[in-house]
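Asks: Chain by chain, the residues run as shown.
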Amino acid sequence: MSATAATANDERLVQVSRLTRVLRRPELGALMGAVVVYLLFSATDTTGKFATIVGGARWTDVAASTGIVAVPVAMLMIAGEFDLSAGVMIGTSGLLAGLLMTEYHVAMWPAIALTLAFAAGIGLINGWLVILTGLPSFIVTLAMFFSLRGMNLGVTKALTDTVRVAGVGDVPGYDGAAKIFASTFWSPYNFRISVVWWVGITLLATWVLAKTRFGNWIYAVGGDANAARNTGVPVRRTKITLFVCTSLAAALLGVIDVLRLKSMQAGQGVGDEFSFIIAAVVGGCLLTGGFGSAIGASIGASILGMAFIGIAYAGWNTDWTWLFLGVILFLAVLVNTFIGRRARGARK
Amino acid sequence: MTDSPHAHEPAPAEMLQAVEEAATPHQHVANAFPALALRGVTKAFGSVIALNDISMHVDTGTVTCVLGDNGAGKSTLIKILSGVHQPTEGQLLLAGEAQSFTSPRAAQAAGIATVFQDLATVPLMSVWRNFFLGNEPQRPWSRLRVIDGGLARRTCRAELRAMGIDIRDLEQPVGTLSGGERQAVAIARAVHFGAKVLILDEPTSALGVKQSGVVLKYILQARERGVAVVFITHNPHHAYMVGDRFYLLNRGRMLNEFERETVTLEGLVTSMAGGAELESLAHELKTFSR
Chain V
0 MSATAATAND ERLVQVSRLT RVLRRPELGA LMGAVVVYLL FSATDTTGKF ATIVGGARWT
60 DVAASTGIVA VPVAMLMIAG EFDLSAGVMI GTSGLLAGLL MTEYHVAMWP AIALTLAFAA
120 GIGLINGWLV ILTGLPSFIV TLAMFFSLRG MNLGVTKALT DTVRVAGVGD VPGYDGAAKI
180 FASTFWSPYN FRISVVWWVG ITLLATWVLA KTRFGNWIYA VGGDANAARN TGVPVRRTKI
240 TLFVCTSLAA ALLGVIDVLR LKSMQAGQGV GDEFSFIIAA VVGGCLLTGG FGSAIGASIG
300 ASILGMAFIG IAYAGWNTDW TWLFLGVILF LAVLVNTFIG RRARGARK
Chain A
0 MTDSPHAHEP APAEMLQAVE EAATPHQHVA NAFPALALRG VTKAFGSVIA LNDISMHVDT
60 GTVTCVLGDN GAGKSTLIKI LSGVHQPTEG QLLLAGEAQS FTSPRAAQAA GIATVFQDLA
120 TVPLMSVWRN FFLGNEPQRP WSRLRVIDGG LARRTCRAEL RAMGIDIRDL EQPVGTLSGG
180 ERQAVAIARA VHFGAKVLIL DEPTSALGVK QSGVVLKYIL QARERGVAVV FITHNPHHAY
240 MVGDRFYLLN RGRMLNEFER ETVTLEGLVT SMAGGAELES LAHELKTFSR
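Chains as they are written, first to last, in numbering that gives the first Met the number 0: chain V, 0 to 347; chain A, 0 to 289.
Same shape as in the complex, but just chain V:
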């Protein structure tokens, strides 16, 4: 390669690489999907509310309850691991917080603190088991999923003789905690406060992934764990930290739910783990790790939220929601893979 030729071509190369850089973004496919879904449900809307601020308040509510956990799940997927126990962990932590308050009369804030500590412990166990046994995290966290699911039912029934914990609204200090975890803002549209948590977590995760050393390690660990280890990245610590973060995010959502509903069903959260994974994958995360973004996962969560609300507003039978999500998942991954391959294959 001659130096003069390289300089002569420089202008053109910069132009090309700028386009490539946009195409290389993991969340591009999801963003295009979100626009299509938004337009689709704006067109099919029968209530005239979907494309208004009121409609926005509704679908962001649904999106937040997916996105709060989908973002750390996406980070974990970038690091090359899954957490299938993230869904049921919402129920576990909600039940634990509720039981501590109602059955053991622990005050509001200590109960929340204990719940988060418990969740961190579960995340730690997930992480350690994956690292120590070397088994796929898919299996380890699936086992954790079933264990927690059984515990949720067993413990709740043993302590309350029902499958739910109720009466959280009467606990002293409820109003203060509810203001932070379960209130609304911007009346008269009444956006849920969980949306703020969701946006905050997304921004924090995006910043961590793009700007910090830990973010660099997350991509490295998922991209090539061996290379990461050889260059001195603490692979175990990185993965375990992410398992803990995922579990903590699920517990946060559990606390939000139990305060909002003032009660908790033992089956809460079961099945949500796949929503998180769908959101992350739609948002451009590779199942094999090493690639993806937090914003992408949040856009994925928005698509889920828009689909749930949009199908109801369109007057369709809500049974079709899951079919719709299945198709969206497939199309988004198809587009992501296609674009990603072209962008990465492009040398110049």
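There's no promise every hint is true.
Examples of chain A residues toward chain V, derived with CB under 8 Å [to be verified]:
| hint | residue |
| --- | --- |
| 1 | M55 |
| 2 | G133 |
| 3 | E135 |
Which bits of chain A does chain V cover? Going by a derived footprint, with three or more residues having C-beta under 8 Å, they are [what the hints assert, rightly or not]:
| hint | stretch |
| --- | --- |
| 4 | 119-130 |
| 5 | 144-156 |
| 6 | 213-227 |
If you're looking for bench data, these hints aren't it; they were derived computationally from the structure. In this text, all values refer to a predicted model and were calculated from it rather than measured experimentally. Here a beta-carbon is modelled for each residue, glycine too, at the ideal position from N, C-alpha and C.
Could you slot chain A onto chain V? The hints should help.
Replies: Coordinates of chain A only, in the frame set by chain V:
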């Protein structure tokens, strides 16, 4: 070594010696301890003994070549030097002090930089992120360990240019680079961070003639900077071009040790090949030289 302080015009033999000394000043470095040394190191994986009673030393400002065929234990040796494996028996001494690295990170912190055969780059990550992986420069005010992206990109570009590689786009994933470019990134990275000891695992094995030359030149540059270079290869020709000391590994044992002054290229090749294989190899080499 004889010294003649009264002779103003040294005899030809002494002059030759003086030239050699000037060419290899490292032989008389004041520091009594080698930068890195192994003493009686054995490494076993279950019932397989990959390395058996290996002793060697690597001096500051020299290139130490470890030669061996496939299966000789070169890779295991590297992994012990760089902290990936711990020796089953024996000691690793850094500047005369016994060290026990529990991780590559610990070895790195002690000043041992390694370029692995598989390059230890993450294909989906950008060039500059790979360059600083595990050693991310942090903003001075940052307690949150924020990467100084501007500094990282500038340094990465400068270091690559110093090696004669002009990467068009530092944001492009390393997986899209050619083999030679990836090698360049990995070596430039190791040199940039290799404060005291630089270990190169077969850096020329996947490269063409011209790029091999560039890499060899870079090895010498690193030596001039006072780095102790460990050059692991199965190519005696490449080793002879840059090496000051040569160790020959075979089937996990240290077969032979040569100083630059006491060995010829033919001697190296002979020792490596040995026995019946030698004749065919010699024949092959002759056809090359024609």
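Asks: Hints first: check each against the structure and report whether it holds.
Replies: Hint-by-hint comparison with the structure:
The beta carbon of M55 of chain A is not positioned within 8 Å of any beta carbon in chain V (closest approach about 22 Å), and the interface hint is therefore violated. With a cut of 8 Å, the hint placing G133 of chain A at the interface with chain V holds, because the nearest CB-to-CB distance is about 4 Å. Hint status for E135 of chain A: holds, given a least beta-carbon distance of 4 Å to chain V, under 8 Å. Three residues within the 8 Å Cβ limit are the bar, and the stretch 119-130 of chain A against chain V gives 7, so the coverage statement holds.
With a threshold of 8 Å between beta carbons, the proposed coverage of the stretch 144-156 of chain A by chain V holds, since 4 of its residues qualify and at least three are required. Proximity of the stretch 213-227 of chain A to chain V, defined as three or more residues with a beta carbon under 8 Å from a beta carbon of that chain, is not established by the 0 residues found.
Hints 1 and 6, counting from the list given before, are not met by this structure.
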